[in-house]
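Undergrad: The primary structure of each chain is shown beneath.
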Amino acid sequence: MQELTLSELNQQIKKTLEEQLERSYWVIAEIGQIQINQSGHCYLELVQKENNQVVAKAKATIWAYAYRNISAWFERIAGSELTMGMKILANATVNFHEVYGLSLNIKDIDPSYTLGEREKARQGVIRKLEQDGIMDMNKGLPLPIVPQKIAIISAETAAGYGDFINQLENNLYGYKIHHRLYQSVMQGVKAAESIVEALHQIHSNNSVDLVVIIRGGGSQLDLDCFDDYELCSHIAQFPLPILTGIGHERDTTIADMVAHTQLKTPTAVAEFLLQGFMSFQAQVEDYFNSIRTSTLGRLGVEKEVIYTIQSGIKHYAELQIHRQDTLLNSLTQSIKHITRAQIKAAKNSLSTLEQKIDLINPKHILQKGYAIVYKNGKPIGDKTVASGDTLETVTARQKIKSTVNTTTSLKNL
Amino acid sequence: MSKFNYKKAMERLNEIVSEMESGELDIDKISALVKESSTLLKACKKALTSTEEEINRVIENDGEPSE
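Chains as they are written, first to last, in this note's numbering: chain A, 1 to 413; chain B, 1 to 67.
No lab work stands behind these hints, which were simulated from the structure alone. Note that the structure is a prediction, hence the values are computed from the model and not measured. Be aware that one or more of the hints could be misleading.
[Unchecked claim] Pulled from the structure, derived: some chain B residues nowhere near chain A, Cβ distances all over 10 Å: (1) F4; (2) N5; (3) K8; (4) A32; (5) K45; (6) R57.
[As the list claims (entries may be wrong)] Subject to a maximum C-alpha distance of 27 Å in a straight line, what follows is the list of computed DSS-like cross-link-like pairs (lysine-lysine): (7) K363/A <-> K35/B; (8) K35/B <-> K368/A; (9) K139/A <-> K128/A; (10) K356/A <-> K7/B; (11) K3/B <-> K336/A; (12) K363/A <-> K42/B; (13) K363/A <-> K46/B; (14) K29/B <-> K344/A; (15) K46/B <-> K336/A; (16) K344/A <-> K7/B.
[Claimed, not checked] With the C-beta cut set under 8 Å, the calculated list includes, among others, these residues of chain A facing chain B: (17) K336; (18) A346; (19) K347; (20) P362; (21) V373; (22) G377.
For glycine and all other residues, C-beta sits at the position ideal for the given N, C-alpha and C.
Extracted from the complex, chain A is given alone in its bound form (with noise of 0.2 Å):
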């Protein structure tokens, strides 16, 4: 049997390969690891995994010249950089070196399979999401009137955080909105564990009305994060409502589909949160004029039965006063009448006894030759005499006193 020296051998390998092997592969392969240098050129551990065992495994190279043009293709059509976990279909040259021993050197990567398998796990995702029943939970929640309280994951440095922040505090309606950031990773592999960690966090704060994903501003690739399962069963399961400002441009990602209100960048988030307040204010404004119309109305209405019954008591007032400033003249009309009345008739009756008293006087009856005989101090009248009597006669001037010496009886006269 002929010894071969370790390099006759590993000749032997190489030329057996090279005659045996065709020109180049497309080979499907899971990206283990990978890493540039600093001289631009990419190392890759390419991995098949079968129930989560490994199950074949290769070194590959991207060399740097053919690495910037693959890496700025596939990132152009996929939307993606290339990472580990990806699923790539390479065309790839098998080498053999008697010292590195085996390696890939990968000349192209077919970017449309890359799509094609994220789409399926994307798919995959959102058929568990829907077997769990909980797709549309989180829409289902309220929202509320008018959130007073954010959560905001983030990362302080984006760009759209910025933006955010500064469309909610200088709004033009004065609207105070209190806000408190939950640091988080936003992009590549490490993002989806961490936005659930900072949802952890908001859950044991009790005093939040409604959380804010956003990120923007960013790179519109590695989005792969927000298709993830774990965080999207979170998303939806989460007990307050989540509005998602994620900032891409390429289809929904199924954290937004899951979210309570997909936004399309930051500063759409914050516009639509105020746009809730400006409604509710609007609704408040509308009640407060429907209850001022209402008031002012009653109170125009309550004026007038006011004014109707001031007016009235004037009325009657003055009618009143009319009716007793007649009354009165017509009594002073009585009281004069009647005083002159009985003014003239104690005149009359004055008169009356005075004329009779001057018509009773016997002075006149004297005067005009008659007198008056007194017997014994009365007059006469129509009694007799006899002979002998003494009488006493007045008249106008004088007293006689004489005796009766003869009677002669008068047939009446």
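Could you slot chain B onto chain A? The hints should help.
TA: This is chain B only, laid out in the frame that chain A set:
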């Protein structure tokens, strides 16, 4: 001087009239009665006149009655 009383004066005058109408008065008494009546009549007339004036003044001028 006691205050003049119209009512009493009139009563007295009527008394005088009936006394005189009775025709049983002696002449001296008649003369005294006539004099009395004349005095009373004057007083009554004066009272009426002043009352009338007072009333007119009060009613026409809304003046206060003088005490």
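Undergrad: Against each hint, give a clear statement of whether it holds in the structure.
TA: So, going through the hints one by one against the coordinates:
Its beta-carbon lying about 14 Å from the closest one in chain A, F4/B satisfies the requirement of being farther than 10 Å from that chain. Once the 10 Å rule is applied to beta carbons, N5/B is consistent with being away from chain A; the minimum gap is 14 Å. No beta-carbon of chain A comes within 10 Å of the beta-carbon of K8/B; the shortest separation is about 14 Å. Against chain A, the non-interface label of A32/B holds: every CB pair exceeds 10 Å, the least being about 12 Å.
The non-interface label for K45/B is inconsistent with chain A: the shortest C-beta to C-beta separation is roughly 7 Å, within 10 Å. Even its closest Cβ contact with chain A, about 12 Å, leaves R57/B beyond 10 Å, as expected for a residue assigned away from the interface. Using a Cα cut-off of 27 Å, the hinted pair K363/A and K35/B holds, with the two alpha carbons roughly 12 Å apart. For a cut-off of 27 Å, the pair hint linking K35/B to K368/A stands: about 21 Å separates their Cα positions.
With a C-alpha separation of about 18 Å, the suggested pair K139/A and K128/A falls inside the 27 Å cut-off, and the hint holds. For the suggested pair K356/A and K7/B, the alpha carbons sit about 18 Å apart, so the restraint of at most 27 Å is met. For the hint pairing K3/B with K336/A, the CA-to-CA distance comes to about 25 Å; that is within 27 Å, so the pair holds. Between K363/A and K42/B the CA atoms are separated by roughly 20 Å; this keeps the pair inside 27 Å, and the hint holds.
As the CA atoms of K363/A and K46/B are separated by approximately 26 Å, the hinted pair is consistent with the 27 Å bound. The suggested pairing of K29/B with K344/A is violated, with an alpha-carbon distance near 32 Å, which exceeds 27 Å. With a CA separation close to 20 Å, the supplied pair K46/B and K336/A stays within the 27 Å bound. Annotation: proposed proximity of K344/A to K7/B holds, straight-line Cα distance about 16 Å (limit 27 Å).
At about 5 Å, the closest approach between the beta carbon of K336/A and any beta carbon in chain B falls short of 8 Å, and the interface hint on this residue holds. Of the supplied interface hints, the one on A346/A holds, with its beta-carbon coming within about 6 Å of a beta-carbon of chain B, less than 8 Å. With 8 Å as the threshold, the beta carbon of K347/A comes within range of chain B, its nearest partner Cβ sitting at about 6 Å, so the hint holds. For P362/A, the interface hint holds, since its Cβ comes within 8 Å of a Cβ in chain B; the closest pair sits about 6 Å apart.
With 8 Å as the threshold, the beta carbon of V373/A stays out of range of chain B, its nearest partner Cβ sitting at about 11 Å, so the hint is violated. Interface restraint check: G377/A against chain B, minimum CB-CB distance 6 Å, threshold 8 Å, status holds.
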